Amino acid sequence: MSFYLSTIAVYFCVDLLAAWALNMQFGWAGIPNFAFILTQAAGAYMYAVVALGPSGGLTAFQHYILGASLPFPLPLLVAAGAGGVVALALGLITLRPLRRDYQAAVFLLFAVIASDVVSADVGLFNGSNGLAAVPQPFSSLQTTLGLGGYQWLYAGFTAVICLGGLSLVRGLGGSGWQRALRAARDDEAGARALGVNPAVLRLQVFFIGGMLAGLSGGLLVGFISAWSPGAWEYSETFAILTGIILGGVSNNWGVFVGTFLVQIAFQELTALFLPQIGYPGLSDALVWVVIGVLWLLVIYFRPRGILPERRTRMSTLQPSTSPEMSDAD
Amino acid sequence: MPTETSNLSATQMPSAPVLAASDICVRYGGVEAVAGASLTIPTPQVVGLIGPNGAGKSSLLAAIGGQSRAASGRVTFDGEDVTQLPPHQRARRGILRTFQTASVFDGLTVFENLLVAGLGDQGSRLRGALLRTPALHARERATAARAARVLEEFEISHIADHYGRELSGGQRRLVEIARCLMRSPKLLLLDEPMVGVAPHLVERIGEHCRAICERSVAILIVEHSMEVIGSICDRVVVMASGEVIDDGSFASVMKGESVREAYLA
Ligand SMILES: Nc1ncnc2c1ncn2[C@@H]1O[C@H](COP(=O)(O)OP(=O)(O)OP(=O)(O)O)[C@@H](O)[C@H]1O
Ligand SMILES: [Mg+2]
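Same order as they appear, the protein sequences are chains A and B.
Following this note's numbering, the numbering of the first sequence begins with 1 at its first residue and continues without gaps.
Following this note's numbering, the numbering of the second sequence begins with 1001 at its first residue and continues without gaps.
Hints listed in this document are in silico derivations from the structure and should not be mistaken for laboratory results.
Note that this is a predicted model, so its numbers are computed, not measured.
By construction, the Cβ of each residue, glycine as well, lies at the ideal position given by its N, Cα and C atoms.
Hints are not guaranteed to be accurate.
[Claimed, not checked] Not everything, but these chain A residues come out facing chain B in the computed CB check (under 7 Å):
#1 Trp-177
#2 Ala-183
#3 Asp-187
#4 Ile-306
#5 Arg-310
#6 Arg-313
#7 Met-314
#8 Gln-318
This is chain A alone, in the form it adopts within the complex (with noise of 0.2 Å):
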């Protein structure tokens, strides 16, 4: 049981780390970065062809691009490197000349295109097979602490991730620049016509928004050692997206609630207690029934979320009132 603790704390920290990121993205810029799971990808594969070793050596029966072993924190940072990347790319190409609506089409295409091309070429990441035996950093620490300490060990550097991405999240959260972002998101000409350029603010959102989602694909990698086109359908976008707006769009902590129930709650913790039922894959496919109707209930009855987007007063901006007592709505 603490095994499986334990392992449901790393996701936990991982998909809430994604969350936050795509929160970013679409909370706060209205982007429908229904792409977003490539840049946790990109983070993952990286974090796996610079950790694995040279291709063809010890994991001879696996085909991958780089092969390096590099030293554990700077997989990580390759990571977040590789996500940010891929998240500009991406921003480059659909950001500036669509429409919004055309936006989440074209994300969505890239999603499956990266996909099948991933699968396909087999000297890129080993194909649909995916990339195996990645090794866990100190894995020296196993024979020390055991397997399971090892493991909680590894949840609380997740953790401890997870909180640097939470404060890097509030500290933008208040500034000018997000504040910008929102402007931009509600009313474009509006916001270009007192002199902000959204362009280059979303591209950044997009660059910072990236960055957290492959550090969180590096982590996760990290941990369970493989990673293949499975693990990354562009279903899991909309996993995390419903999680964010069950939650609260633009509200940390909603994000956090929301992430809870959609990720652990119903996909981890019902595969687990849930006896299953029918042919296999079917109590699977019946938790995206669930995500799919839980979407339309929140949209009809609770349209901003668990906890709603929070208000900021301006008693908390100015300087001239005291700026602790704030937001008793």
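Based on these hints, arrange chain B with the ligands on the given structure of chain A.
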């Protein structure tokens, strides 16, 4: 900056006009909305832009503000050719505007709406958001204080914490104008700011226009009500079918034939 202090007497100095738009054409597909219109605003004054529906008033404003790229013609602002500049660059130089359909950021509070405009480009940079330097903090405080003052001036402090989506039509107009002021405009373009506004607010918006102009801000205002135009404008420009057909004082324009013809045509 250079034009700011030297000529307080408002006599015609050889300094560059605030705005000179010449031979502007704006086309939407096959429709020629503005067909070679010219308009100069030499010094800060309130200029009314009138004309029947579809005359091209909004399109001319868009060509000046940068929302529509002029197919031909030149827009010079404060001595600088801004014809090729995108709208946000023009705003940074001091051309601010409101829209025929009021633009308010619905997901931001009224106070935040003002801050977006007030912090400017420096205050909304990512680097600033990441580093949070003391200089930026000071700037944010100053902007917040300024926003509070502008809200007071417009007598809308009580809705500071309302979301844009919670405002009435008249409040939206006031917020939109107040927001422009946060950026210290040199030229303010107002597209029918009184539409959908309760009568007592119409009067107040008119007073605000006069007060803003007193602070050396040129105003170009599109308005259908002759009463409003007559009471606040120093000068009136008449458009019809994409062209400027008359330009002068309110009295002289009213006496002329062109207005009657334009509205009857
Ligand atoms: N985005 C657009 N696409 C196509 N045609 C347009 C567009 N905007 C305006 N037009 C056309 O251009 C002409 C001028 O429109 P414009 O809005 O500038 O007139 P206006 O003087 O502001 O009218 P109103 O008093 O009704 O606001 C009209 O014939 C209009 O139909
Ligand atoms: Mg118009």
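Practice item. Please name the hints from earlier in the document that this structure breaks, with their numbers sorted from lowest to highest. Key: Hints 4, 5 contradicted; others consistent.
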